[in-house]
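Chemist: Protein chains in written order, with our numbering: chain A, 52 to 311; chain B, 63 to 254.
One thing to keep in mind: the hints can contain errors.
[Claimed, not checked] Keeping only pairs whose Cα atoms sit at most 30 Å apart, straight-line, the calculated DSS-like set for lysine-lysine is: (1) B:K240 / A:K248; (2) B:K240 / B:K182; (3) B:K224 / A:K294.
[Said to hold, decoys possible] Reference excerpt, derived from the structure (chain B facing chain A, CB under 8 Å, subset only): (4) L183; (5) E184; (6) T195; (7) Q197; (8) T198; (9) G218; (10) A231; (11) P234; (12) S235; (13) N247; (14) G248; (15) T249.
If you're looking for bench data, these hints aren't it; they were derived computationally from the structure.
Every residue gets a Cβ at the ideal spot worked out from N, C-alpha and C, and that includes glycine.
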Amino acid sequence: MIVLEWLFLTIAACDAAEPWQLGFQDAATPMMQGIIDLHHDIFFFLILILVFVLRILVRALWHFHYQKNPIPQRIVHGTTIEILRTIFPSIIPMFIAIPSFALLYSMDEVVVDPAITIKAIGHQWYRTYEYSDYNSSDEQSLTFDSYTIPEDDLELGQSRLLEVDNRVVVPAKTHLRIIVTSADVPHSWAVPSSGVKCDAVPGRLNQISISVQREGVYYGQCSEICGTNHAFTSIVVEAVPRKDYGSRVSNQLIPQTGEA
Amino acid sequence: MAEAQSDKTPSLAEDYLLEKEKQDVATKPVEVKEVESAVTASSVEGATDKVEETPAAAAVEESKEDAPAPAPEESTEASSASPEDSTSDTAPAAAEESSETTEEENSGDQEASEETPDIKLETAPADFRFPTTNQTRHCFTRYIEYHRCVAAKGEGAPECDKFAKYYRALCPSDWIEKWNEQRENGTFPGPL
Ligand SMILES: [Cu+2]
């Protein structure tokens, strides 16, 4: 089992950081899948280049050792080799840039109209989430705060510094618009499994559009130094089936409308 | 090998489109989707909308019979959707195939609508004026559009409701509160 884990062959989906993790968390959105694929594609060529360069380096060290070869050859110019070693390294980044930019811009693009909008507002040091699609007035809205559970209050099985008291509930397989902003200092809303890391800047609304492909609980942390409790500003996204989402929201909404 | 098939295989975006949206994209003309166009988009959408609006409907059959009676709030939608319904009534066998898929969706919607009459997954559409990550102006513009609309059409005009929905979906409630205050004091910075 441990060997399997070393080889990144865990069976269960990995949606939170685990000890000594080296690889990615499993993708929950097409965006993250694209990121992982790009990473793997580039890494293949990166390792080829690394092996090639190391080979040249070791050969040079070996053959031009000062004891073995006290007077090296006095060749200081070679036009052909100089052209080659200039052209090729400058072409390679271009070939890396093409898929990289394609992915970057496709992540920005909003392909279809989103079905729901969720506002994630960063505070020192908690997060407020607003579901305002169902409002009929400016005052009434489904809003809740999400605090990290302190270490002493953790129950067995909960992740330290990751679990929060109120999770963001989103419908799975639905196009979401998440508006990220902050009420005080810059924060960042980051959920690795969904391929999202979006700065929360006061006075500015940043939009990310994602579509979570499978139900599950996804963990993330604040990714912009925001003060003393930066480490205690986690994010938990819970993706539920669409119809469950409806009942979850209305259950929370109805008591509120009763009050208002 | 893979290249030979590449024109058939869908792109990443197409691959991950949801079933309902695939139909929408196929039928919908390429234009910015306003609420009006969403109403007339396709018969499938019209049918599902109708069912969602009549929460008491127990089955699709019943909702079709109910269809001639216009929904109270959106009469334009009922009038535009009714010809499609009449055709499906006259040719039930032909509609059989398409209604199978809609029935699946409707059953899901109905289950939700029985418990939750309010919840309809709908929000401000993507706006071509604001294609970037930064949506600050989107929210501000929708807020102004609403209040201009109210100023022009009068308080409580039904055509302004969608702008209210949009700005409430996009703007943080703190901002709305602040702007409302500023409007009362006459210090609102935008062109109203
Ligand atoms: Cu932080």
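Chemist: Look at each hint and say if it fits the structure.
Modeler: Now for the hints, and whether the structure bears them out:
no.: 1; hint: B:K240 / A:K248; verdict: holds, 28 Å
no.: 2; hint: B:K240 / B:K182; verdict: holds, 28 Å
no.: 3; hint: B:K224 / A:K294; verdict: holds, 24 Å
no.: 4; hint: L183; verdict: holds, 4 Å
no.: 5; hint: E184; verdict: holds, 7 Å
no.: 6; hint: T195; verdict: holds, 5 Å
no.: 7; hint: Q197; verdict: holds, 4 Å
no.: 8; hint: T198; verdict: holds, 5 Å
no.: 9; hint: G218; verdict: violated, 12 Å
no.: 10; hint: A231; verdict: holds, 4 Å
no.: 11; hint: P234; verdict: holds, 6 Å
no.: 12; hint: S235; verdict: holds, 5 Å
no.: 13; hint: N247; verdict: violated, 16 Å
no.: 14; hint: G248; verdict: violated, 18 Å
no.: 15; hint: T249; verdict: violated, 17 Å
Checked against the numbered hints above, the structure violates hints 9, 13, 14, 15; every other hint is satisfied.
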